Amino acid sequence: MEFISTRNAAPAASLSQAIAAGLAPDGGLYVPAKLPVGRDLQPGDSLAATTARLLAPFFEGDALAPELPAICAEAFDFPVPLRPLATPGDHVLELFHGPTAAFKDIGARFLAACLARIRRDEDRPLTILVATSGDTGAAVAAAFHGQPGLRVVVLYPDGRVSPRQAHQLGCFGGNVSALRVAGSFDDCQALVKRALNDAELLAQVPLSSANSISLGRLLPQMSYYAHASLLHFAATGHELDFVIPTGNLGNALAAILARAQGLPVGQIVLATNANRVLPEYFAGDEYAPRASVATLANAMDVGAPSNFERLRWLYGGDDATLREAFNAVSVDDDTIRETIRERWEVHGEVFCPHTATAVHVLECLRADGVEGDWAVAATAHPAKFESVVEPLVGHEVEVPPALAELLARPAHAEPVPPDYEALRAHLLG
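Quick note: the sequence shown uses our numbering, first residue 1, plus one each step.
Note that these hints are calculated values from the structure, not bench results.
Some clues are possibly wrong.
Stated by the list, open to error - Below 20 Å or equal to it, Euclidean Cα-Cα: the simulated EDC-like pairs (lysine to aspartate or glutamate) are:
1) Lys-34 with Glu-309
2) Lys-34 with Asp-419
3) Lys-193 with Asp-419
Claimed, not checked - Label-pair ranges, simulated between beta-carbon atoms:
4) Phe-78 with Glu-390: 20 to 28 Å
5) Asp-319 with Pro-410: 32 to 40 Å
6) Glu-390 with Pro-206: 37 to 45 Å
7) Pro-88 with Gly-146: 39 to 47 Å
8) Asp-121 with Ala-367: 51 to 59 Å
9) Asp-319 with Glu-396: 44 to 52 Å
Just so we're clear, the structure is a prediction, and the values are computed from it rather than from any experiment.
Built from N, CA and C at the ideal position, the CB exists for glycine as well.
All chains, full assembly: derive it from the sequences and hints.
Structure representation (structure tokens):
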């Protein structure tokens, strides 16, 4: 399969080329030239097996195709269970059982497995440049740590991630370095995009991206929606609807792409925090990116979601049709707090702020009389946000063993201004 740019001004690329490049040469994002639709997939006995079947058409004709089963087995060695919630018909899809306790582990580990093979015979190291609003950077760092021929530079907004997130970002060392930027996530993302489009820099320092703009992150994220919906449909005969916390739109777009191929994914509702760019757009306003605001659900503190470009491409740039297809709901910090507190007190359920955002949206849908089988995408373990969650539930949240191991390591991050020349100097240094 070939992959093209959302901006239609770059040559088509193979899968390996698109994954290695990150961004297309015209500044656009890589998308499949044609989606394989009408899929008649059966659920595999594991996430890895389902993913290998799901992604086979995307790998067809590429040098990585024979290695797809091994890549999936290497990346997906932890569960993604669909668990029932207290309300009948409501579920939570737990995506946080990987090594850094966040859903980003799934895409990051798959990307690392691909790039390790793509770069196997290269002489110069490849630098993975990643902007993070909380969880992406740690997942990428964990996935690429110690990989020969690869190094990682993580940019995160200083003071706008949780203490445990910040510790994770700086605890790896070796081929991973962390830069704490005196600015917002949008500043970090803009710096990464500028570097990936700097031809003079790229001639000296091969770069790629591991943000959700990376095709190697996006494609595997379809897997857990496929796996959960196929298993649910096989067991019940019903499609599974989703409420998805979203910031940069990568996680939600993965579900949308899975549904577009004919998988039994039903309605998709987007849950955002106080950053209202997407809710305002879907309510009828012009798409108007702006500076992000800091919230409790910091991984969604995005004012210019990169994957909106892919979403618009998927719908042929037709805003009216796109608005008819989706709804996005904004949830403020006070409501996030109240949802965390009430779900613990009433049902004994503990959620991170991002998952709680989606849980509240599902509560609103049910209050409006919406029926069907629904799942909330639980994007992070609540222990990553202990300073928010523990005062609300009144007890310590047990830390998963893999996360505890990372928190026991020393951590360091280098302070940098939100200035491109500072980043450029670091990459060339």
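Status of the hints after comparison with the structure:
no.: 1; hint: Lys-34 with Glu-309; result: holds, 17 Å
no.: 2; hint: Lys-34 with Asp-419; result: violated, 38 Å
no.: 3; hint: Lys-193 with Asp-419; result: holds, 13 Å
no.: 4; hint: Phe-78 with Glu-390: 20 to 28 Å; result: holds, 25 Å
no.: 5; hint: Asp-319 with Pro-410: 32 to 40 Å; result: violated, 49 Å
no.: 6; hint: Glu-390 with Pro-206: 37 to 45 Å; result: holds, 43 Å
no.: 7; hint: Pro-88 with Gly-146: 39 to 47 Å; result: holds, 46 Å
no.: 8; hint: Asp-121 with Ala-367: 51 to 59 Å; result: holds, 58 Å
no.: 9; hint: Asp-319 with Glu-396: 44 to 52 Å; result: holds, 47 Å
Against the hints set out earlier in the document, violations occur for numbers 2, 5.
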